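A.B. asks: Residue numbers (our numbering), protein chains in the order written: chain X, 1 to 328; chain Z, 329 to 591; chain V, 592 to 1292.
Simulated from the structure, these hints should not be mistaken for laboratory data.
Here the structure is a predicted model, which means the values were calculated and not measured.
Errors might be hidden in some of the hints.
Below, in silico cross-link-like pairs of lysine-lysine (BS3-like), each with a Cα-Cα straight-line distance of 25 Å or less [as the list claims (entries may be wrong)]: (1) V:LYS1226 - X:LYS216; (2) X:LYS216 - V:LYS1115; (3) V:LYS1021 - V:LYS751; (4) X:LYS78 - Z:LYS570; (5) Z:LYS587 - X:LYS11; (6) Z:LYS494 - X:LYS260; (7) X:LYS262 - Z:LYS587; (8) X:LYS290 - Z:LYS579; (9) V:LYS1200 - X:LYS244; (10) Z:LYS579 - X:LYS78; (11) X:LYS203 - Z:LYS494; (12) X:LYS257 - Z:LYS494; (13) Z:LYS553 - X:LYS318; (14) X:LYS262 - Z:LYS579; (15) V:LYS1115 - V:LYS1021; (16) X:LYS262 - Z:LYS570; (17) X:LYS290 - V:LYS1138; (18) X:LYS290 - V:LYS1263; (19) V:LYS1138 - V:LYS1160; (20) X:LYS244 - X:LYS11; (21) Z:LYS579 - X:LYS260; (22) X:LYS108 - X:LYS175; (23) X:LYS216 - V:LYS1263.
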Amino acid sequence: MARIFAYIVHKAGVADDSAAQLAAAAKKIDPAASPTALLTGWGADLNAACSALRASYAEIWTISNEALAYPNAELIRKALVKVLPPGSIVLVAHEHFGIDLAPGLSIKLNSAFVSDVLDIGGIEGSDLKVVRQEFGGQVSAHVRCDISSGAVVTVRPGAFKSLESAPVAVTVVDKSSEVGALTAGRRYLETIVAEAGDVDITKHNVLVSIGRGIQKQENVAIAQDLAEALGAAVSCSRPVVDAKWLGKSRQVGSSGKTVKPKVYLACGISGAFQHLAGLKGSPFLIAINKNPRAPIFQVADVGIVDDILEFLPELTNKVREMHSVAAK
Amino acid sequence: MEILVCARRVPDTSENEIELNSAGNDIERDELVYSINEPDNYAVEEALQIVARIGGNVTVVTVGGEDDEEILRREMAMGANHGVLITDEAFSGSDARGIATILKAFVRKGNYDLILTGVQAEDGGAQVGGMLAAMLDYPFASLVNSIEVLEGRKLKVSREIEGGNKEMNEIDLPCVLSIQTGINEPRYVGMRGIRAVASVPIPTFGASELGVDPGAVGQAAAKVKRVDYFVPALGKGAEMLKGSREENVDKVLELVAAKGGLK
Amino acid sequence: MVEGIQSVSQVTSWLVAGRTLFLVIHILGVACFAYIVAKRLVPLLRAERDLRFDRPLARLEKVFKFWLGQWKHPRYKTAGTLHILIFAGFILLAMRAFTVLIVGVSQNFVMPGFSGRAGHIYDIVTDYAATVVFLCMVVAVIRRLVFKPVRYEVPARFGKAHTADAVFLLGLIAILMVADSLFEAAKAASQSQLGQPVETLAVLSLPWILQIALLPVALATIGKVYAGAYLLHEVTFYFLLCYRPFGIQFHVETSLFNVYFAKLDREILKPVRWGVSDEHLDQVKSFGVKTFEDFTWKHMLDFYSCADCGRCSDNCPSNAVGRPLSPRFLTIKARDYAFQHYPMFGHSDDGSSNGNSKPLIGHLYSEDEIWSCTTCGACEEECPLLVEYIDKIVDLRRGLIDDGNVPQSLQKPLKALESRGNPYGKMEKKKADWANAKEFQQVCQVKTLGKSNGADTLYFVDSITSYDDRIQSIGRATAKILDHVGENFGILGAAERDSGHEVRRFGEELLFTALRDHNVDAIKASGVKRIVTADPHAFNALKHDYKDVPEVEHISQVIAREVKSGKIKFNAVENGDKVYTYHDPCYLGRHNQVYDDPRDVLDAIPGLKRVEMSRSRDRSFCCGGGGLMLFYEPKEEQRMGVKRVQMAAEAGANVIVTACPFCMVNLEDAIKVAGLEGKMTAIDLAELVDQEMVREEQKAV
């Protein structure tokens, strides 16, 4: 059985949530396996992240190199290729870094590649059985990946529940010396932080979130009315920002903001995972959508099949009624 | 600048209802309408804007069959200088790695400064661009949402990362970029443009022209295979409210209040 | 007149002495004018062709009605009356003016046939005419400076106010009248002083008043006044003549031609290029209007002919809600462009008159300005000079489409129309779902026409009625009505594509022809002999955009006819609180003049209280537009629909009846946005008729 590695993304010394999820995914590939964490970086941040991983991994490989102070996938790929044994299975979270690193890594390792995996059905012969989604989550697919020469697998964040157990002993192996000089045709310059909008959606307990189902800019007001009545804020999914109906600061998702509200009203949102990836902390998710087969209904707590353009105004009226009664 | 855009023809998600077929092993393909994968369209628009600024040519290539020609024509109607169809029976059933192998052979036949792909297609793979770059040994950047051409065979690109932040990178040419939607506003392609290119001959390339070993691509060589499509049972999905709109509104209000969502 | 001059040689000596001067002024004036007009014609020679030389009799009829008859003017009472008086005055004074001019070089000149009594009567009439024109000038100036009608205002983005120029011109005309009157007055005064038979001046006319003022003045002075007035008249006349082509007053010369060459077939849209049939369109290199020279010569003549009256923009719903479009300035800006780029001397600064014209979009017009138009036709309905707008907007949109410059919000429905034949991207096989729903089939059987299913009548449903959940009820009501009156009808179902009405008006001509050709084939294959639709846009398309299809009617026409025949009878309405008003859909009312049929239907319902909004019939206010317009995201201060429902409320109504699915969508939406929910409802005519119709079962009870 090939060795399983999990590449861990970290920032400012904090390991990403996906670290424990990747460990869980590894267990589904091979319950007997003990995955090795891979960490690259530099200095105090790297050390801190390494410490944090002790809860999920028995062995951690670190590569410390000044060139890797900022995680440049091009450089990291070169480093990993130097240290990974042939035929390894490498797990990476399927988000912006993983998308950058993983496909090219599979080529350089001469192994198979399968992305955005939601579930793993174990190994059968030389095949790894996984579940993926297609068409924006409208259908799922059983996929087999030949791992006889290894594989790079990206895993959907949140798809695998972190496991509780802590390993007994932790070995940290420093692989820095095996890497050599690192240069690449791509150089990191800086990060431009998104403009703070008028509203910080990460600070709200209740979010009225709209998707493509809002249909036009002028209907955004319907959501704003409800938000106002509830004392909530309006957030949205990507298509609303692409259409320029709301600013980027309102976007919830893997390329937007991560929010942890108590209640999340997903209105006219289909439920693409890139959007759901921005929801943390298990909010109470109420989904309203015209399409009874929208993927959001699979993850929501409560679902209503209705036209948000009709439903929301009625909800707003009811809230206002309730407030005016209470005021008396 | 010579720009190559790798595009794909996919079922249009907004104008189709994706359903399983009656046999339950594939999606119902009978009445699907197809169009170019949306991120690929953004990529072509970006390429057109770059050559409008600094000169050059835009070539759009796709790996497929006769049906896929229509997207090449559409992009040519949009302004692309060349459309190329890579087609060969040996290629059918290729997985992403196979496609990347085929595209690499095509790239080697030309002299492209910049290769663009859409960030992902309907299967959510997001893989061909990165694979192609690694095979060519070109630098790669994914999720690109802005491109600036610099002096000295370099580009300044921004990548879309979390929180809406932008990661600015400098990247050497030749390189491969995967393009995210929203990078620009693609121009409209009207019927007239499409008619005008309806009879333009589209060169085709097969395995022999590209020098691709048929054994390395196609169904047999694919390491990743989709077994079937299915719709998971909505077992632990949402509790669907079944009442009238008024009843549902009341219930929602009750739930929001119960979960601490009302002041 | 002849005797007067000969016997007051002292007086006329000045005139005679000035003959050379006057002759020189004549020659200069006419030459100048000819040069100016020639220069003004240059862009028209570079323009696209426009076939307007056919049917001269029909054209003359229009000249008679709209130019001579000033038909549109009374729509604005004050300005209309003023203008009719001024215009009549000008027509009457024309001959007098020429006579006076010629007199300067040929003293004894009299117009043939006007020496005797006819001439005398003519003189009296023209005395009053000059007076009236003068008074009108005074009133007009006061209107401009004191009352300042809103429609004359110039929004800041369009430049400075036009008041100074207007007052200047009005003043010049007043001076012309005074000069003319003074000339007559001086002659009469001198005759009177010399004890000669006085050329009688009309009592209380301006010349008459001036004559009285001149009576005590010395003869020699009168002579100077006489000559001076003449010179003033001549100079003012020629100044005006040569100045007019530099501004809105050019309409004095061009209006006759503009009306003569006006469009005869109002509802037939301009083809992409005149003289190029559909089959040869692929040979046309560029579609639409992108540069100024892409306009046709008639459109350029329109630009010259605009009188800046502002009536178009005053009625334009886009303008009223703060969209960037103001039809008046669409024209004025183009006119100014023409003046700037085709100057009197030399070439324009940027060499653009040499054929390197700048694109209009982005320089003269913004894209939003052009997309904002709902093609409601209110502007064309108002314009007294018959300036055409819709063809220009469509042509400009053709240019935008050709360049791929289309807002993303419109690209999606256009793409869906191309792949699915409807802007919603819904599947063709679901087009007849509204009719095939089980519960509905039990109430009313709607057959889908096909090989085994034929019918006399086609009910053309079109996209929104087929696919929109709310609007499907209009389809069902229409089907039930047709069923009730025993119409043998069917629908095309999956074979029906969108009528393409807005596709064409948004400039996607080839997509339109694809949709149209598909529909025409399906209609022909069905073998129907007539078509009925409840959608005014489809109605307009089938009637005017489609060729070789059977006659088409709107459901309101069918209902009105069957009410008269007795096949449709109504129960009395029960709710006494309801006050109904009818909103004229643009494409049923203004574009196709179907105003009375829907009203007759409503009035046939016993107990139905109906009020009329102040803006009704051909002055109806557009609901916001239909078809592709529902997808466009305009920059506006308010929705048109909101304004319209407020108008309904002002008229005292609480139910708006309309006969168009797009009006329904816009008005129902507007009721919510305007906060009138619960206070106002909207209902379609077919829905109302279906609701109130007496049915056999009821009769039995």
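A.B. asks: It remains to establish, for every hint, whether it holds in the given structure.
C.D. replies: How the hints compare with the structure:
Note on V:LYS1226 and X:LYS216: the hinted pairing holds, with a Cα-Cα distance of about 13 Å set against a maximum of 25 Å. For a cut-off of 25 Å, the pair hint linking X:LYS216 to V:LYS1115 is broken: about 38 Å separates their Cα positions. Between V:LYS1021 and V:LYS751 the CA atoms are separated by roughly 55 Å; this puts the pair beyond 25 Å, and the hint is violated. With a C-alpha separation of about 55 Å, the suggested pairing of X:LYS78 with Z:LYS570 is violated against the 25 Å cut-off.
In summary, the hint linking Z:LYS587 to X:LYS11 is not supported, as the alpha carbons are separated by about 32 Å, beyond the 25 Å threshold. Restraint check: the Cα-Cα separation between Z:LYS494 and X:LYS260 comes to about 22 Å, which is no more than 25 Å; the hinted pair holds. Distance check on the hinted pair: X:LYS262 and Z:LYS587 sit about 7 Å apart at the alpha-carbon level, within 25 Å; holds. Of the pairs offered as hints, the one joining X:LYS290 and Z:LYS579 holds, with about 18 Å between alpha carbons and a cut-off of 25 Å not exceeded.
Of the pairs offered as hints, the one joining V:LYS1200 and X:LYS244 is violated, with about 46 Å between alpha carbons and a cut-off of 25 Å exceeded. Our distance criterion of 25 Å between C-alpha atoms is broken by Z:LYS579 and X:LYS78, whose separation comes to about 55 Å. Taken as a hint, the X:LYS203 and Z:LYS494 pair is honoured in the structure, with Cα atoms around 22 Å apart against an allowance of 25 Å. Only pairs whose Cα atoms come within 25 Å are accepted, and X:LYS257 paired with Z:LYS494 is accepted, the gap being roughly 13 Å.
Pair hint Z:LYS553 plus X:LYS318 does not hold up; C-alpha atoms about 51 Å apart against a cutoff of 25 Å. Taken as a hint, the X:LYS262 and Z:LYS579 pair is honoured in the structure, with Cα atoms around 17 Å apart against an allowance of 25 Å. With a C-alpha separation of about 22 Å, the suggested pair V:LYS1115 and V:LYS1021 falls inside the 25 Å cut-off, and the hint holds. Of the pairs offered as hints, the one joining X:LYS262 and Z:LYS570 holds, with about 24 Å between alpha carbons and a cut-off of 25 Å not exceeded.
Under the criterion of a C-alpha separation no larger than 25 Å, the hint pairing X:LYS290 with V:LYS1138 is inconsistent with the structure, at around 39 Å. Note on X:LYS290 and V:LYS1263: the hinted pairing holds, with a Cα-Cα distance of about 20 Å set against a maximum of 25 Å. As the CA atoms of V:LYS1138 and V:LYS1160 are separated by approximately 35 Å, the hinted pair breaks the 25 Å bound. Distance check on the hinted pair: X:LYS244 and X:LYS11 sit about 30 Å apart at the alpha-carbon level, beyond 25 Å; violated.
Restraint check for Z:LYS579 and X:LYS260: the C-alpha separation of about 23 Å stays at or below 25 Å, so the hint holds. The straight-line distance between the Cα atoms of X:LYS108 and X:LYS175 is roughly 19 Å, inside the 25 Å bound, and the hint therefore holds. Among the hinted pairs, X:LYS216 with V:LYS1263 is consistent with the structure: their alpha-carbon atoms are about 16 Å apart, no more than 25 Å.
In this structure, the earlier hints numbered 2, 3, 4, 5, 9, 10, 13, 17, 19 and 20 are contradicted, and the remaining ones agree with it.
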